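From just these sequences and the hints, can you work out the full model?
Take a look at the letters that make up each chain.
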Amino acid sequence: MDLTQAERDMLEGREGPARERAMKGLVQLGRAYGAPRMVEIGYAHIHAGMALYLEDVELMEELASIDARMAVPASVNIANADTVNWRATGAPESLARLQRRAAGAHARLGSDCTFTCTPYWAGHWPTWNTHMTSIESTVTIFCNSVLGARSNRDGFFAVYAGMTGRYPLFGYHRDEMRRGTGLFLVDAEPSGPSDFSCLGFHVGAAIGDGVPVVAGFARRPTLDELDALGAGIATSGGASMFIVPGVTPPYADVEAAFGGRDVPAPTRIGRAAIDAVYARYRDAHDAIDIVHLGCPHASWEEMKHYARLLDGRRIAPGIELWITASRNVRNAAAEAGLVARLEAAGAKVISDTCPMSCHFARTVSPDPALGVVPPRLRAVVVDSAKQAKYVRDMIQCPVLLTGAEEAVETACSGRFVPRGAP
Amino acid sequence: MTRRIALRGIVEGSARGPILPSREAISFLGDVDIRSGRVVGDLPSVRGRSLAGVVLVMPYTRGSAGAWRFLHQLFRHGNAPAAIVSGTLPDPSVVQGAILSGIPVACDPAEDPWPLLRDGAAASLVVVEDRAVLEIGT
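Chains U and L are the protein sequences, given in the same order.
Using this note's numbering, read the first sequence as starting at 140 and increasing by one per residue.
Using this note's numbering, read the second sequence as starting at 2 and increasing by one per residue.
Take the hints with a grain of salt, since some may be wrong.
Unchecked claim - Covered stretches of chain L, as calculated for chain U (at least 3 residues, CB under 8 Å):
1. 6-13
2. 31-45
3. 51-59
4. 91-105
Calculated directly from the structure, the hints in this document are not laboratory data.
Note that this is a predicted model, so its numbers are computed, not measured.
Ideal placement from N, C-alpha and C gives every residue a C-beta, glycine not left out.
Okay, here's the thing in structure tokens:
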């Protein structure tokens with residue numbers, strides 16, 4: 140790889156042991172993927188240090204202890220416990236304490252400890268052509284596809300990129316990758332994030348790790364719908380980017396989305412394909428324990444919508460309604476009086492984590508000393524195809540997928556209300 | 002008798018251990034129990050086998066953005082493979098997890114190793130920059 144003097148200084152340890160370690164890792168990654176050089180990044184969405192994984196918080200503490208610092212603006216991905224309101228989730232205090240140690244490490248690293256999968260709703264909004272890195276695939280696809288920034292689906296190395304301000308030039312940092320590989324025409328009128336999440340899940344399974352061009356919408360999707368579309372696509376497949384012509388910078392139309400290559404024959408998507416994703420996540424169940432809204436973590440607009448749906452309503456006895464949002468969005472919603480309205484109906488507003496990311500997960504292996512015992516949940520109702528997949532895979536309990544409006548009806552009535560039911 | 006096979010080096014380091022040949026691609030997220038190190042996925046050639054300390058040889062890696070974390074958790078639990086040999090370039094998440102965990106990785110063998118691989122035979126992998134050598138007992 141062709142490195143600048145500044146990059147060689149980091150690689151050879153003249154910038155301290157933390158940057159040396161980070162640059163050595165990035166150079167190996169770049170060499171493996173044929174990167175000719177590094178690019179300067181403008182933003183990093185990095186690993187939290189997760190309290191449910193053995194010695195994972197310690198990984199971040201160790202970096203802080205060797206004076207690692209973020210060289211660019213950095214936000215922090217979702218964590219395993221609400222660090223303030225853990226009691227509302229039934230998590231042991233030991234877990235919340237360990238998770239708070241990660242927040243302490245991030246304070247030293249200089250990252251904005253957002254503990255969220257939607258840092259963009261918390262003000263981290265990279266713009267067109269900004270090279271960046273993200274550990275969270277939903278953030279990668281939103282930033283590539285809605286904002287026009289350039290990001291791969293990364294793992295831990297988002298931390299190393301943040302520490303050095305560099306990332307090897309490969310993948311979605313290169314123009315050649317940012318072109319459509321398949322065309323989907325929407326012959327339906329999806330409405331709201333849950334429909335878009337199902338549409339995305341269908342598209343993601345069909346496109347694999349390519350770039351789907353999704354066209355034919357009767358109107359411009361909202362930001363919340365685009366967020367849900369990306370989360371769905373990234374969940375069922377390996378895609379890092381979608382293109383909605385006229386929305387995704389800089390693609391004005393379908394021809395531009397394919398970058399001058401032949402436009403392939405379109406695959407048409409009707410309402411039946413969207414409904415099939417709802418049907419896929421409709422498990423047999425005896426009773427419902429938790430209804431969840433806010434995957435990915437809710438925006439302020441979604442909080443407003445939930446508050447309107449719940450005004451004058453009351454959650455049924457024996458059911459918990461969880462609404463998950465970043466602490467930034469939660470605080471803004473609290474100032475606007477939205478959290479009080481949600482709580483008046485009996486909802487719990489949870490930050491820093493979500494059902495699949497908290498102590499409900501059975502696929503993790505925490506330090507036994509934490510005393511984490513996942514509860515047996517009878518069923519979880521969600522309005523996101525992403526949460527549905529991971530509740531089934533990680534919590535391993537029955538899951539039911541519906542729309543946000545129907546999820547609120549479910550929570551208030553105690554009986555599952557499928558999407559589109561009268 | 003030993004045989005040496007040249008490969009493309011991906012993650013630097015050197016390690017030795019018994020060969021575990023997997024006919025199927027392994028996804029570190031989902032196919033392996035991090036507490037025991039055993040393969041729990043539906044992979045007939047290695048189901049139930051432990052990855053701890055082996056030189057793992059497989060045709061390719063199955064991708065997932067979370068693979069790095071589960072490979073690193075195998076390492077933290079003392080159950081990580083000593084080295085990974087993949088027929089094709091592993092996905093970036095596996096590479097990141099291997100670098101973080103100090104597990105050497107190589108791919109693109111210069112000759113087909115499959116006829117030479119004997120389950121449990123002693124092997125070593127040495128990776129320096131982009132050159133790697135797999136030495137196997139036959």
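Okay, the hints, checked on the actual structure:
{"no.": "1", "hint": "6-13", "verdict": "holds (count 3)"}
{"no.": "2", "hint": "31-45", "verdict": "holds (count 3)"}
{"no.": "3", "hint": "51-59", "verdict": "violated (count 0)"}
{"no.": "4", "hint": "91-105", "verdict": "holds (count 7)"}
In this structure, the one hint that does not hold is number 3.
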